[in-house]
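Asks: Here are the chains, one letter per residue:
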Amino acid sequence: MSGMNANTWEKMLNIDRRWIFLMIGVVVIVPFFIRMGLPVVPTDEVRSVYSLIDTLEADDAVFVGWDFDPGTEAENQPMGIAVLRHAFSRHVPVFVTAVSPLGQGLAGQGLASVFDTRTPGNFALVRWADWEPFRAAGHAGRDSLEAAWEAAGNALPEGALGWVFEGVDFAHLGYQPLFSLVILGMGSSIAAQYPTDVSGNPVPEMPMLHAHKNLRDVDLAVTLAGSSACMWCVIYGNAKVGLPVAFGVTAVMATDYFPYIQSGQIVGMMGGLRGAAEYEVLETEGGYTQATGNAYRGMDVQSLAHIVIILLVILGNIAFFAGGFHRKTALKARR
Amino acid sequence: MTFYETAGVWVAALFTLAIYSFLYRENPLYRLAEHLVVGVSLGYSIVLTWQRILYPRLVQPLAAGQEWLLIIPATLGLLYITRFFPKVAWLSRYPIGFLLGTGMGVSFPLDMQALVLRQIHSTVIPVFTPGTPWDVALGTAVIVLGTLAALIYFFFSKPHKGPFFGLGSRVGIWLIMIGFGATFGFTVMGRISLLIGRVQFLLADWLRVIH
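From first to last, the protein sequence lines are chains U and V.
Heads up: the first sequence begins at 1 in this note's numbering, then just goes up one per residue.
Heads up: the second sequence begins at 1 in this note's numbering, then just goes up one per residue.
Check each hint, because a few of them may be wrong.
What the hints assert, rightly or not - Simulated DEER-style distance windows between Cβ atoms:
{"no.": "1", "chain 1": "U", "residue 1": "36", "chain 2": "V", "residue 2": "26", "range": "32 to 40 Å"}
{"no.": "2", "chain 1": "U", "residue 1": "259", "chain 2": "V", "residue 2": "26", "range": "53 to 61 Å"}
{"no.": "3", "chain 1": "V", "residue 1": "76", "chain 2": "U", "residue 2": "152", "range": "21 to 29 Å"}
{"no.": "4", "chain 1": "V", "residue 1": "93", "chain 2": "U", "residue 2": "259", "range": "34 to 42 Å"}
{"no.": "5", "chain 1": "U", "residue 1": "36", "chain 2": "V", "residue 2": "185", "range": "19 to 27 Å"}
{"no.": "6", "chain 1": "V", "residue 1": "124", "chain 2": "U", "residue 2": "36", "range": "44 to 52 Å"}
{"no.": "7", "chain 1": "U", "residue 1": "133", "chain 2": "V", "residue 2": "36", "range": "42 to 50 Å"}
{"no.": "8", "chain 1": "V", "residue 1": "62", "chain 2": "U", "residue 2": "109", "range": "52 to 60 Å"}
{"no.": "9", "chain 1": "U", "residue 1": "256", "chain 2": "V", "residue 2": "207", "range": "50 to 58 Å"}
Since the hints were made in silico from the structure, they are not lab data.
Glycine included, each C-beta is placed from N, C-alpha and C at the ideal position.
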């Protein structure tokens with residue numbers, strides 16, 4: 001180090017930031033081609049969300065709120081897909097909602113991803129209109145409906161994990177404004193707040209609404225949020241009607257909400273892409289999926305990017321102190 | 001993939017690249033993409049709000065001659081538009097006042113319960129009870145002492161000197177800094193995750209070089 005003069009340290013500290021962007025860009029791209037499979041160990045916060053859903057059955061119900069916008073899609077969307085897959089595997093009915101108009105579109109994309117036949121471990125969607133004759137014949141219970149559906153000659157597509165009947169296994173309720181008031185309203189009646197789903201289907205006629213008329217009949221609300229909108233479920237759902245709540249929040253927000261786990265106001269939390277990856281690992285361990293998904297794959301990249309950032313921070317500090325800049329009031333910016 | 005799906009992927013990919021071009025320097029492509037994000041989001045929201053809320057839950061019932069009471073909230077909502085006309089702009093204060101009043105009335109008791117009382121309740125806990133594992137007791141001690149220390153740091157009516165206020169505020173600021181560090185670490189992780197999401201989209205959905 002003694003051979004390096006102050007000018008060299010100064011150059012290091014004033015390096016054009018675009019070189020750093022390029023370095024991060026390379027580090028983020030390359031690991032997608034060289035899979036390392038670094039271990040992801042599920043934390044207690046994620047495990048408690050998974051464990052609760054893992055105890056639910058077909059006569060229970062879950063709310064999954066797509067309470068984020070495209071800006072945080074990379075973090076929140078894999079959580080939603082993982083939770084949907086878990087619930088559909090266990091035939092737990094899912095109410096899908098959104099606090100923003102853009103969230104409704106993202107929820108549609110999440111559902112489409114789970115039903116996409118090109119995706120490994122997909123589910124075969126049966127739309128509300130498609131099983132109308134079976135409804136008219138009185139097959140509203142899930143087991144009898146599935147048996148009648150298959151008896152009618154419908155075979156499960158190759159690679160699909162099971163059938164998902166719209167109105168029985170899920171209802172895409174979509175966006176409603178002033179969601180805090182909507183939650184309060186759902187304390188009395190879900191159908192009153194959502195007379196139709198996003199496709200215009202009548203929500204009050206859906207079999208899943210017969211068993212779950214209001215929030216008191218719902219066993220868990222998972223809010224996937226990129227903003228403090230997730231707190232509405234705690235304030236208006238948990239505090240008012242005792243609705244169990246789980247968070248799937250961005251990494252930036254995660255530290256703010258740990259106290260709510262400790263206080264018992266939320267059952268658990270998925271924090272950022274890592275939280276989603278942990279959920280995917282648990283699903284694979286639980287035998288619900290053959291392989292982990294996009295979030296897990298992203299964790300290799302994340303780890304490498306973090307190593308580069310840590311190295312840059314260390315190098316920056318070495319240059320700062322070795323160059324004696326801690327004794328000066330300002331660096332000479334030369335960009 | 002259908003033609004529309006493919007076109008959608010291309011549009012998304014090109015606009016992603018346009019946004020990332022800002023990392024090199026500001027340019028017209030970046031500004032175009034930025035303005036389009038705002039415009040398209042707003043347009044989408046307006047259409048969806050009309051389609052999902054205003055038309056089926058306000059216009060349709062009124063047009064069918066049912067639920068005449070809806071005229072009251074509709075009129076209140078329309079008063080917001082008076083902000084664009086200076087002479088009658090004062091009328092917009094009525095819907096704002098209504099929303100603020102009802103919002104406060106509804107949220108205040110629940111906010112107090114969920115955000116204040118429950119949090120205080122979960123902090124006022126015994127540090128050690130017989131049979132508690134040592135790691136749980138240690139965690140509880142950190143919660144109780146850490147909360148007290150942080151509160152002492154924000155207590156400005158006494159000088160931060162002496163064994164109680166001096167030491168307490170020093171511990172408090174250290175704990176706050178550790179909290180900031182954890183938040184910053186999570187923030188870095190979050191930002192990298194967003195980049196990963198976009199790169200994953202470009203490589204898998206657009207270029208199809210990974211599966």
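Asks: Decide, hint by hint, whether the structure agrees.
Replies: A quick look at each hint next to the structure:
1. U:36 - V:26: 32 to 40 Å: 36 Å, holds
2. U:259 - V:26: 53 to 61 Å: Check failed, 40 Å falls outside 53 to 61 Å.
3. V:76 - U:152: 21 to 29 Å: 52 Å, violated
4. V:93 - U:259: 34 to 42 Å: 37 Å, holds
5. U:36 - V:185: 19 to 27 Å: 21 Å, holds
6. V:124 - U:36: 44 to 52 Å: 46 Å, holds
7. U:133 - V:36: 42 to 50 Å: With a Cβ separation near 45 Å, residue 133 (chain U) and residue 36 (chain V) satisfy 42 to 50 Å, so the hint holds.
8. V:62 - U:109: 52 to 60 Å: 34 Å, violated
9. U:256 - V:207: 50 to 58 Å: 37 Å, violated
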